[in-house]
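Student: Residue numbers (the working numbering), protein chains in the order written: chain A, 1 to 324; chain B, 1 to 348.
Some clues are possibly wrong.
Said to hold, decoys possible - 30 Å max Cα-Cα, derived DSBU-like pairs, lysine-lysine:
(1) A/K46 to B/K141
(2) B/K141 to A/K32
(3) B/K42 to B/K272
(4) A/K32 to A/K46
Stated by the list, open to error - Partial pick of chain B residues on the chain A-facing surface, computed with a CB cut under 8 Å:
(5) R107
(6) T118
(7) V132
(8) I134
(9) E138
(10) I140
(11) G142
(12) S157
(13) D160
(14) A254
(15) D255
(16) D256
(17) Q258
(18) W288
(19) G332
(20) V335
To be verified - Some chain B residues flagged as far from chain A (calculated, every beta-carbon gap over 12 Å):
(21) I16
(22) A27
(23) S44
(24) E106
(25) R110
(26) H127
(27) A137
(28) K141
(29) A145
(30) F167
(31) K202
(32) E264
(33) R284
(34) I296
(35) A307
Simulated from the structure, these hints should not be mistaken for lab results.
Here the structure is a predicted model, which is why all the values come from computation and not from measurement.
Idealized CB from N, CA, C, for every residue including glycine.
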Amino acid sequence: MGVMTLAQALNSALDVALDDPRVVLMGEDIGKTGGVFRITDGLQRKHGSQRVVDTPVAESGIVGAAFGMAIAGLRPIVEIQFMGFSYPAYDQVISHVARIRSRSRHRFTAPMVIRLPYGAGIGASEHHSESTEAIYTHVPGLKVVVASTPENAKGLLLAAVEDPDPVIFLEPIRAYRAARGEVPDGRYLTPIGAGMLEQRGSDISLISYGAMMRETTEAARRLAGEGVSVEVIDLRSLVPLDADMVVASVEKTGRAVVIHEAPLTGGYAAEIVALIQERALYSLRAPVRRVTGWDVTVPLRLAERHYLPSASRIMSAARSVLET
Amino acid sequence: MRLEPRQVLAADGTVIDRREPDVSIVAARYAAMTEARLYDRKASALQRQGRLATYAPYEGQEASQVGAVAPLAAEDWLVASYRDAAAMRFHGYPWKNLLLTRMGDERGGRPPEGVNATPPSITVGGHMIHAVGIAWAEKIKGTRAVALTMFGDGATSEGDFHEAMNFAGVYRTPTVFFCQNNGWAISMPRSRQTASRTIAQKAGAYGLPGVLVDGNDVLAVEEVVAEAVERARAGEGATLIEALTYRVRGHTTADDHQRYRAREEAAGWLGKDPLERVRLWLERLGAWDEALQSEIESEASRRIEAAVAEAEAVESLSAGEIFDAMYEDPTGPLVAQRRLAERSARWA
């Protein structure tokens, strides 16, 4: 056990994962440089360039080759530098990775992990601040998980590597170094498909995941100061979703706000709202609200602050729900 | 770069400039090509009778397909596309499975254990990089297996062709890229796919050897593939082979090729038929006669008809079963949706 940043926890997870001889890491600049975010720092030196592979700049090729490796019995872990660079590989993901199991009725499978650093808030160039998880959650055959703390980042990544199906693994860029916490040594698994009840409460449920957990818990803290009993859920796994946890929470509180930084329209929050109205409508005492990024291209550095949901926006949505 | 295609047997069945091939091998390839042609015609007929969905005929390409897989060992991988049923069959992927897929049943995509052939790729060009990854994995695992991928001239226009060739070059993966240049990508002629004189020469840009071969000459195809497989096994990396052949029929049974190409073109290629030249050679050696032909055809037909009967006897997937192969263990929503689908199937 030791205190680590989220980035260090991921590095530790990959180091542990590489104990399995089937595991191969692939990505651009992940070797000597340790990746643009240094997540793979030191791993090539320790495990060799056959297992920690620097690739040409070709996302479709990386994912397609990793897919072939997975079919032939390896467990590749791919790093795409930024989520916004994953689109050249989207055809491989949607056309092959997600469906080889159904195409071959279990004869061939693609147990592989695609790591996608995602999210805004670091003042990066265009394409570097994307949060497009909904284009992955919409594809049958994939699992989609989002880390939020050092502890669950390591546990979820190790669970993703062991998973028999392909996992899209989202890493919150702005939490890489900002999030610090206790991380157990060695191997442990955080189950995919299980949400995390971060905080119990009885007045309202705040439901979020990934980087927005920071603003969500901050809003919960400030609302508690106003005498509101807030329940906070970190979904962690978008597919499969811990629907029972969401439903049980809303049945108890009767009020909910769903928060993500991705744009509103067609975003994953809509899925949560639909779930709530299907299974917990009669428990609701107010309409469910969404606090999300706007339906705009993520602004560049100087106007970025106008885009990301803030704790204040979450609080104001929560208050309007509480007042209904 | 050698721009003349490799040949062993000329269209008239004479051996070009080398010692005579082994009769038993040639006879075996002839029987395989005959079976391939009979299957192709049977599948096309089944489609017209409404017993298959769309079918992509490969008539004219039998030598390329039979020759390409002849040098492969059982542990080698075949990563082929939708027009490669004959190659797949002769690498162990049963006719029954190929028929099932064309009938519209996913279980066709599940070949028996031990058959290292992936289900046919329907998207154009996305699968070549898989053969790079598979071969790379075999190299990492330290086996001797190689991966051969088959694709058409149209697929070489896709960006994924470049990425696959590039990765294979950089990592020296034991991959064989086998392009059947059949002249046409649906209605687009080879001349509109690339301004390059040949497809084979593109290999040079990736640091790989490129080889041109007469794709209607089964012995020449087998020879160049065997050389490429040897190179791959020896750790010398990948090879791009361009087999010059011709798609005698339309792109699929849904295509009318007379809308975009002249009859005379096909007629010219029929004179270069891949089966006829082998038959002529065998006949000249006294290793072929009408009785043998009937024997080969009836053997082949018996196998094909048995496969058709087996495939047609398979009950289609039930409403519930369509949920069974999305994940190793179905997720919660899938379990719930399965129940709903089963219920609505009962009401229907």
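Student: Take the hints in turn and mark each one as holding or not.
Tutor: Hint by hint, here is what the structure shows:
Using a Cα cut-off of 30 Å, the hinted pair A/K46 and B/K141 holds, with the two alpha carbons roughly 19 Å apart. About 24 Å separates the Cα atoms of B/K141 and A/K32, which keeps this hinted pair within 30 Å; it holds. Of the pairs offered as hints, the one joining B/K42 and B/K272 holds, with about 22 Å between alpha carbons and a cut-off of 30 Å not exceeded. Between A/K32 and A/K46 the CA atoms are separated by roughly 11 Å; this keeps the pair inside 30 Å, and the hint holds.
At its closest, the beta carbon of B/R107 sits 5 Å from a beta carbon of chain A; the interface hint therefore holds under the 8 Å criterion. Because the smallest distance between the Cβ of B/T118 and any Cβ of chain A comes to about 6 Å, under 8 Å, the interface hint for this residue holds. Taking 8 Å as the C-beta contact cut-off toward chain A, the hint placing B/V132 at the interface holds, the least distance being around 5 Å. Interface restraint check: B/I134 against chain A, minimum CB-CB distance 4 Å, threshold 8 Å, status holds.
The interface hint given for B/E138 holds, since its Cβ lies 6 Å from the closest Cβ of chain A, which is under the 8 Å cut-off. Contact between B/I140 and chain A, as hinted, is supported at the beta carbon level, the nearest pair being about 6 Å apart and thus within 8 Å. Interface hint at B/G142: violated, since its Cβ lies 11 Å from the closest Cβ of chain A, which is beyond the 8 Å cut-off. Hint status for B/S157: violated, given a least beta-carbon distance of 15 Å to chain A, over 8 Å.
At its closest, the beta carbon of B/D160 sits 6 Å from a beta carbon of chain A; the interface hint therefore holds under the 8 Å criterion. At its closest, the beta carbon of B/A254 sits 21 Å from a beta carbon of chain A; the interface hint therefore is violated under the 8 Å criterion. A cut of 8 Å between beta carbons decides the hint on B/D255: the least distance to chain A is about 22 Å, and the hint is violated. At its closest, the beta carbon of B/D256 sits 28 Å from a beta carbon of chain A; the interface hint therefore is violated under the 8 Å criterion.
The closest approach between the C-beta of B/Q258 and any C-beta of chain A is roughly 32 Å, which is over the 8 Å cut-off, so the hint fails. Interface hint status for B/W288: violated, as the beta-carbon distance to the closest one in chain A is roughly 39 Å, over 8 Å. Hint on B/G332 holds. Least Cβ distance to chain A is approximately 6 Å, under the 8 Å limit. Nearest Cβ of chain A to the Cβ of B/V335: about 10 Å, over the 8 Å cut. The hint is violated.
For B/I16, the requirement that its beta carbon stay farther than 12 Å from each beta carbon of chain A is met, with the minimum near 37 Å. Chain A leaves B/A27 outside its interface by the beta-carbon criterion, the shortest separation being 33 Å against a cut-off of 12 Å. Consistency note on B/S44: stated as away from chain A, and its beta-carbon is indeed over 12 Å from all of that chain's, at 24 Å minimum. Once the 12 Å rule is applied to beta carbons, B/E106 is inconsistent with being away from chain A; the minimum gap is 5 Å.
Not every CB of chain A is more than 12 Å from the CB of B/R110 (nearest about 4 Å), against its label as outside the interface. In this structure B/H127 is not separated from chain A by more than 12 Å, as the shortest Cβ-Cβ distance comes to only about 8 Å. Some Cβ of chain A comes within 12 Å of the Cβ of B/A137; the nearest lies about 4 Å off, and the non-interface call is violated. With a least beta-carbon separation of about 7 Å from chain A, B/K141 fails to lie farther than 12 Å from that chain, contradicting its non-interface assignment.
At roughly 8 Å from the closest C-beta of chain A, the C-beta of B/A145 falls inside 12 Å, breaking its exclusion from the interface. For B/F167, the requirement that its beta carbon stay farther than 12 Å from each beta carbon of chain A is not met, with the minimum near 5 Å. Remark: the non-interface label on B/K202 is consistent with the geometry, its nearest Cβ contact in chain A lying 16 Å away (cut-off 12 Å). For B/E264, the shortest C-beta to C-beta distance to chain A comes to about 38 Å, beyond the 12 Å cut-off, and the non-interface label holds.
No Cβ of chain A comes within 12 Å of the Cβ of B/R284; the nearest lies about 44 Å off, and the non-interface call holds. Distance check on B/I296: its Cβ is at least 31 Å (rounded) from any Cβ of chain A, clearing the 12 Å threshold; non-interface status holds. No beta-carbon of chain A comes within 12 Å of the beta-carbon of B/A307; the shortest separation is about 18 Å.
Figure legend: structure checked against the earlier numbered hints; hints not met, in rising order: 11, 12, 14, 15, 16, 17, 18, 20, 24, 25, 26, 27, 28, 29, 30.
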